[in-house]
Amino acid sequence: MTKTSGNMTAIIGLLMIIGLPSIATAQSGGRETGRDESTTREAPGEFEFVRLAYSVNQYGRRGGWGGRQMWQTDYPDAEHHFLRGVGRLTRVEAAPRGRILTPSSDELFDYPWIYAVEVGYWHLGDRDAQNLREYLLRGGFLMVDDFHGTWEWAAFIASMERVFPDRPIVDIPEDDEAFHVIYDLDHRIQIPSRMYTYSGVTYEKDGYTPHWRGIYDDDGRLMVAINFNMDIGDAWEHADWPDYPENMTALAYRFGINYLVYAMTH
Amino acid sequence: MFEFLFNYSSEDYARSELVYASDWPIAVVVALVAISVAGVLVSLFRRRAYAGWLRLAAIGVLQLTMLALVVWVLLQPNLRTERLRAGENTVAFVVDNSASMAYGENGSRLSAAIGVLSTLSDDDNTSQLTLRHYEMSNSALPVLSFAETSPTGATTAIGPSVKSVLLEARVSPLAAVIVASDGADTAGGLSATDIAEIAAFGVPVHTIGVGRAVIAEDIEMTEVSLPAKVLPGSTVAARVSIRHDRQTPAQVKVYDGDDLLAVQDVALNTDAGVSTAWVDVELPTAGHRQLRFSVDAGDDDLEQRNNSRSTLVEVANQSYKVLYYEGEPRWEYKFLRRAMDQDDDIQLASLLRVSQNKFYRQGIESPQQLEAGFPSARDELFAYDALIIGSVEAASLEPAQIELIKEFVSERGGSLLMLAGPSGLGNGGWGQTAVADVLPVSLPPSTRDTFFRKRALAELTPQGGDLQMLRFAESDTDNLKRWSELPEVADYQVTGNLKPAAATLLTAQTDIGRIPLLISQPYGRGHAYVLASGGTWRWQMSMPVEDQSHEVFWRQLIRATVASAPEHVSLSASTDAGESNVHLRAEFRDEAFRPVDGIGVSAVATHADGSTWTVQLQPDTNEPGVYETEFVPDESGTWYFEAIAEREGEPVDVSRASIHFETGQAEHFNIRRNSTLLQQLSEATGGQYLEMNALDGLPDLLRYSSSGITEQEYRPIWDAPAVFLLLFMIKAGEWLLRRRWSTI
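Protein chains in written order, with my numbering: chain A, 1 to 266; chain B, 1001 to 1744.
So that you can see chain A by itself, here it is in the shape it has in the complex:
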């Protein structure tokens, strides 16, 4: 090795040593260590939409849209439109943009409401599950959406049971406050993806019937709102599509707002 190339190697190594921790910190969100940047920055609003960036299972590795990960489905327009609706229809002071966090992130605990899409393709490892369990038991709320059919349900359950192996998943009762806190959601229809505008079919795979299910805590509060066989996120994303039915868009907003305000009141 010549002297010149040896110097270059040393410089590159030095840069890597300096750079890697910074990259890792940025990705993990950092721990609460006192007066770091997260403690001195001003939060943009009371509510920040957090999208869960999970690891994908074997089906997810083969999936994805246009090179995007499954958890990125509908991103960023879904939350962008939804947040504008929150600001216009409620008194919630919502940040204009969302955030993305992993299930194992410590920063999760600063955002008591999180959203996960395409959870038929998610995989929660032990740390993810433990973190999410702690998050929900402390008072956090999880809305999952856009997964369809039998095998996606099985994939969802496989990870969800790591979080709560001993809590049943039940249908949300008609009189649950989640369906009435702002809007009365007595008449519910299947909210499809935008593919409905082409196919005229509201279901995907064998997910013919929509189910609104949930996991409750020991005091009867809904912790996880499971929207199975529907695509609320797509309805938000395509709120500005003329072809997408208005009543489905409206219902999607109502669901989201109800879940949000429920989470902020229970």
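If you're looking for bench data, these hints aren't it; they were derived computationally from the structure. Hints may be right or wrong, so weigh each one.
To be verified - Short, incomplete list of chain A residues facing chain B, as computed with Cβ under 10 Å:
| # | residue |
| --- | --- |
| 1 | Glu42 |
| 2 | Arg91 |
| 3 | Leu108 |
| 4 | Trp113 |
| 5 | Pro242 |
| 6 | Leu260 |
| 7 | Thr265 |
What the hints assert, rightly or not - Chain A residues, not near chain B, derived (Cβ > 10 Å throughout):
| # | residue |
| --- | --- |
| 8 | Pro96 |
| 9 | Arg138 |
| 10 | Val261 |
Ideal Cβ placement from N, Cα and C applies to all residues, glycine included.
On the provided structure of chain A, position chain B as indicated by the hints.
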């Protein structure tokens, strides 16, 4: 030496006035001085050839000084002194014969006091005075002598006793009052009114302090303080105060009958003073609990009877109502409700504005509750014990509703807690409303954004550390540690300047410095609190689910706010400092908390052994709705009281209270000599405080008293040896200088 040089003592000079007996006109004196000065100046001028001006000036000063002294002597200076006229004055001897005067090392304090007064009465200076003798305990009793006096008084009331002596003895010219006492007043001490009334007599009161001020072998429980009424399942923090004159470990125990409820080790770390300790006592079951607090510091304690105090606590199943008015869905609202969900004694009804025109109600007892929004009627709002206002602008309410909030605190006695938020406190315009008067801070104007979504660390202040509502742990050290381990809150709000009565219980360390975080003040009959953050929810989300700090904080804070709110009907029973009687005070107000008139109020007093008495309460002319009376229990023990209000013979309301009453114990507490009180009494009356080992000046104090029938005595001082010595020294000095400078 002083008396030799100046003919009389320094005390004589201090008590006398300098006067001149010469009747020369002032013009003659001035002429004499002028001639003398002129003569000296002429003489010096004529000798200017023999010395320089400085030397001549020195000689001139000496000559003028001597001439001035001669003129002074010619003016016949005298000391004019007021002294008692022999045979025409009275002096009152007052000896404290309360039970505390039985203490002493070599004989009792009482015997020492009587000995001193006997010695004084034999002095030549007092032989021409008429002496009156009084025994003093809870009142003053004239006696012929102290031969039969014994320390049997149950209490000591120095102020009223001295007043009665002055009133009784002034039938003849009273020159002075001599009080021999340990100063251990058990009737509330000397008030400013007492002092003013005693001083108005114009008679000097000389006090002699008897007994020891420091008693290292005695530990005393001076005070126990805890709420009179608590909810079942509460853990109350009782504050105990222990007086001690040595460093020693001690242990405080709390009993409910024979049941030991709590044990707390206490380190009495200073050599002298009063140490305060907090003892947590759990009270799980309802009912009246007589708690006995005792301090144990070893078997060598001088007086065991002052080591314990009893107090009654009513553990009552009572539900409190709190109204929470919030202007926007937010996390603080959610987690506050979750924290209070577990508290069955607090009914938290909330009215949340979820959208511009929609309110969401939670915790309501019926569909009609809060159906019309925030209460507009007095009885509707006053049915709550506390009110929480969150991030909501004042403009969301009518002016009449805002005025009602102020009355809720000032008249109803409820507690108001205002939370920070983007539309809360100053941002919400509350500083420009009637509610601003209630708050412990002067809120900034709404044009200035004072709310910041930045994290801050909460810190406990010393004032906050004294309060049960901010305790996470029993010991102060552990409590501070728990507070220091709490995560940051999510936001903070600048509250403005503190008002004079405000207490800062928590502060927040922010990026702009340390600011008040939890502030409180009493207002009218109620209290107001400001919590300058809407982000305590981070404590819940940032700590393990098992950690209950967030829940404990809110439950204790809310419980503190409701516990201080009076009921519309109340009865209190308290003893005076002398523990001789019980003061009953009943207050009757209607549902709108307006004083109830036109009722008769009686109280039935029942002793624990079943005996009963009925007393009538009289209306307080200064306070509508208040009825009072004094009740003298005939025995110690627990007394239960029931006040019944009647209108036209029909009972309309009932209120209950209880008290643990013990007679004859007051004198075993506070047994140390209280020199401060005795000095205060003397100084206010122109007298003097003396200690047992410094009584030599007492006869002179009597002889030269300014009260009574006095005569003026003139004593010349021109012939004092000091005058002649000074003349000689001046002249000799002049002569020596003139010889040295060869001017002679």
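Hint by hint, here is what the structure shows:
{"no.": "1", "hint": "Glu42", "in the structure": "holds, 5 Å"}
{"no.": "2", "hint": "Arg91", "in the structure": "holds, 4 Å"}
{"no.": "3", "hint": "Leu108", "in the structure": "holds, 9 Å"}
{"no.": "4", "hint": "Trp113", "in the structure": "holds, 9 Å"}
{"no.": "5", "hint": "Pro242", "in the structure": "violated, 27 Å"}
{"no.": "6", "hint": "Leu260", "in the structure": "holds, 8 Å"}
{"no.": "7", "hint": "Thr265", "in the structure": "holds, 6 Å"}
{"no.": "8", "hint": "Pro96", "in the structure": "holds, 14 Å"}
{"no.": "9", "hint": "Arg138", "in the structure": "violated, 5 Å"}
{"no.": "10", "hint": "Val261", "in the structure": "violated, 5 Å"}
Of the numbered hints listed earlier, those contradicted by the structure are 5, 9, 10.
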